[in-house]
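Undergrad: Chain by chain, the residues run as shown.
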Amino acid sequence: MRKAMMTLVALMLMLVPATALAQTSDGTVTVVHGVPGLTVDVYVNDVLTLEDFEYGTVTDPLTLPAADYDIDIRVADSDPSSDPALTELVTLPAGANATIEANLDGDGSPKITVWVNDISSIDAGNGRVTVRHTAAAPLVDILANDGALFSGVANGAEGVADVPAGDYNVKVTAAGDAAAVVTEVPALTIPEGTNVIVYAIGDLAGDSFQLAVQSIGGLHTPPAGVPSGTGGELTTGLPAWLLASLAVAGAAFTFGGVQVSRQRG
Amino acid sequence: MRSAIAAFAVGFLLLGISLGFWALSKPSAEAGDSAAVEQALITPATEPISRTTTTTTISSVPNSTQPEQTDSQPTVPQFTIGLHPEGHNRVPVTLRIPAIGVEAPVKPAGVEADGEMEVPGNVTEVGWYKYGSAPGESGSAVLAAHVDLAGSGPGVFFDLRLVEPGDIILVDLDDDTTLTYRAEARTVYDKDDLPTEAIFSRQGPPILTLVTCGGGFNRSLRSYDSNVVVYAVPLDDAPPVSLKDRL
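Here the protein sequences come in this chain order: A and B. Using my numbering, read the first sequence as starting at 1 and increasing by one per residue. Using my numbering, read the second sequence as starting at 266 and increasing by one per residue.
Excised from the complex, chain B in its bound form:
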């Protein structure tokens, strides 16, 4: 009887210690304040998007009942003809995340026929959403890459889930300049709840958004059920507080 009690005691003790230690050591899926970043991105901008030429050069129309005065003569408008320039001044070419040993080429990416973002079929490459903001412009510049690919193994963003707030992220642009970001928050979204309006926002603070897959894996669909997202802010920006102040 004594040996049975001893065995149970050892069993319970081991179980408790193991599970407790596991719970403590298990990396948390979330870090930092992702909600604040999302909110900042979808809050209507008070200023126009930087790369769009906007011009309301025609004077507003005074009310017809207003008496005409010489000093209220409408200003002569300036006309522009043709398309508003849509191009980016500079585009990303390389992404570096020293904390997880990532250095990868960045390629422009568009949209698949099914309406989802194109992610490079080469797992060593990162896709930049070319229709959205480029790094350095207002809004969220989105860089996406595979966590893994059937037949190719782990992808360049395999360890994205391990990026911690404070980690440095570098983006080299095609004009030989480098933008330095600091990871602000990391989170995991169920794919059905991915806040695409915020992640792909073309206005708001200049955020760098890294996206890959994660969460549970459905073997029959060969698909993960979640997206791992890391939001980063330009390094020269003041600490997290500054982001909330803009809300």
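Looking at chain A on its own, in the form it has when it is part of the complex:
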């Protein structure tokens, strides 16, 4: 018996960590190219991992073991041993969802920015919109359906908001001037349970300004309940035949009781 118990416990111990580890020892990385006019090769730990990576492109997510990674970016087809144009040591923590972006700073110089994406769960019926200003451009406002969503966003800053799922008209305008539309997306779909991340990239003065979009799904949560009855028509009462039968039984008891009390009286 004891042996059987031990086996059971051992089996349970084997099962639990296996599933827990699968979820926590990896991180997720996406790469975004936001430096205009430059096609690049991306090296991760000295291995060519993205070749001929073009401006405005967003990769699909890649699951990697949590670790430190050397990211080197070279102009496409450069000698792998040449000095990289951009380099960054990125630490990927377990369970993190990160985006590594090559982009312009406010002055138009290329740099690498590492973003941590919000993958916390989203209330049922909502989606999440994240806006990241990574362009050589002044402060901007972001309008959704002509209402202010984020105001005064500077290069290097982001705004995150959970909104009801649906299609939104999104405008990027000069800060404080709703009429100075920089760019407009007529219908940006924010799916339920999904974080839609919009990157403003390029150089506003150099005519290369544009948007790049990444989306992370599966952040949904179930509705809290299903309210589906207010009438009270569903009687849990007793059927009529049972009530009649009980009444007869009651009458019999009463009759018997009366007889007994008479006898004693």
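Just so you know, the hints here were simulated from the structure itself, not pulled from any lab data. Be aware that a few hints might be false.
Pair by pair, the computed Cβ-Cβ distance ranges are [claimed, not checked]:
#, chain 1, residue 1, chain 2, residue 2, range
1, A, Val-114, B, Val-358, 58 to 66 Å
2, A, Lys-111, B, Val-358, 50 to 58 Å
3, B, Asp-379, A, Ala-96, 27 to 35 Å
4, A, Val-75, B, Thr-443, 53 to 61 Å
5, B, Ala-294, A, Gly-152, 40 to 48 Å
Residues from chain A that keep clear of chain B, each with C-beta distances beyond 12 Å, as calculated [claimed, not checked]:
#, residue
6, Gly-37
7, Asp-79
8, Leu-86
9, Val-181
10, Arg-262
Covered by chain A, per the in silico footprint, the following chain B stretches (three or more residues, Cβ under 8 Å) [what the hints assert, rightly or not]:
#, segment
11, 271 to 282
12, 414 to 427
13, 441 to 448
14, 453 to 462
Every value quoted in this text rests on a predicted model; they were computed, and no experiment measured them. Even glycine gets a Cβ: it sits at the ideal position worked out from N, Cα and C.
Model the placement of chain B on the given structure of chain A, informed by the hints.
TA: Just chain B now, with coordinates in the frame of chain A:
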């Protein structure tokens, strides 16, 4: 004295027979193995959700200490840009449950401001949780309707509590196809214990889940204290055993 004894005997006999007969005839709230269905729905899927395009096209990063070899050259990744398609290929339009005489239009339903599922205000309509799975997709497709509504009387799911395992359930889709399900289990959950993670799961076996209210009714709150849930599986699936085998 004899008549008193006779009266008591008749009384006890009637009481016993009535209650016994009632207990036997009373429909049971539960039927089938609901727990197995719930478990199957919340067990992590080994395959991706069918309607999500998933792609891990970038080769994994080799360890930096590994010697470089020509045959281990990472494959060139393919890029995709933009949103993952979230839409459903086809959506339910009609629900039919011959066993309880139900034939009702199905309308897409979302979420109320308080976070609960939207259930059609018209008691003759059934709501389909549009953010979850559609019938025919992986996971639980949820159809909910009123058992009754104050002022409107009984609703389309008034008799859902009478659906028995084995009953046929048909869902007509907007592409003129029909999916046939077989009721697998019926159960009643206290509203506080409704297993929403399983009922609204978007992964796992393709289950059809019908939900309405039931249990005790609180007249002051005008609300039932429980939910009646029927789980159904595609008819072409083998008997109940097959569901457990997937656990």
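Undergrad: The structure should be examined with respect to each hint, and the outcome stated for every one.
TA: Hints, verified against the model:
1. About 47 Å separates the C-beta atoms of Val-114(A) and Val-358(B), a value inconsistent with the hinted range of 58 to 66 Å.
2. In this structure, Lys-111(A) and Val-358(B) meet the distance hint of 50 to 58 Å, their C-beta atoms being roughly 53 Å apart.
3. Between Asp-379(B) and Ala-96(A) the beta carbons are some 33 Å apart, a value that agrees with the proposed interval 27 to 35 Å.
4. Evaluation of the 53 to 61 Å hint for Val-75(A) and Thr-443(B) yields a pass: the beta carbon distance comes to about 58 Å.
5. The given range of 40 to 48 Å is broken by Ala-294(B) and Gly-152(A), whose C-beta atoms sit roughly 58 Å from each other.
6. No Cβ of chain B comes within 12 Å of the Cβ of Gly-37(A); the nearest lies about 18 Å off, and the non-interface call holds.
7. The beta carbon of Asp-79(A) sits about 15 Å from the closest Cβ of chain B, which is more than 12 Å, so the claim that it is off the interface holds.
8. The claim that Leu-86(A) lies off the interface holds: its Cβ sits roughly 18 Å from the closest Cβ of chain B, which is beyond the 12 Å cut-off.
9. Every CB of chain B is more than 12 Å from the CB of Val-181(A) (nearest about 22 Å), matching its label as outside the interface.
10. Distance check on Arg-262(A): its Cβ comes as close as 9 Å (rounded) to a Cβ of chain B, failing to clear the 12 Å threshold; non-interface status is violated.
11. Check result for the segment 271 to 282 of chain B against chain A: holds, 9 residues qualifying (beta carbon to beta carbon below 8 Å, three or more required).
12. Only residues whose beta carbon comes within less than 8 Å of a beta carbon in chain A count, and the segment 414 to 427 of chain B has 10; three or more means the coverage holds.
13. A stretch counts as covered by a chain when three or more of its residues have a beta carbon under 8 Å from one of that chain; for the segment 441 to 448 of chain B and chain A the count is 0, and the coverage is violated.
14. Chain A is given as covering the segment 453 to 462 of chain B, and this holds because 4 residues of the stretch bring a CB closer than 8 Å to a CB of that chain, at least three being needed.
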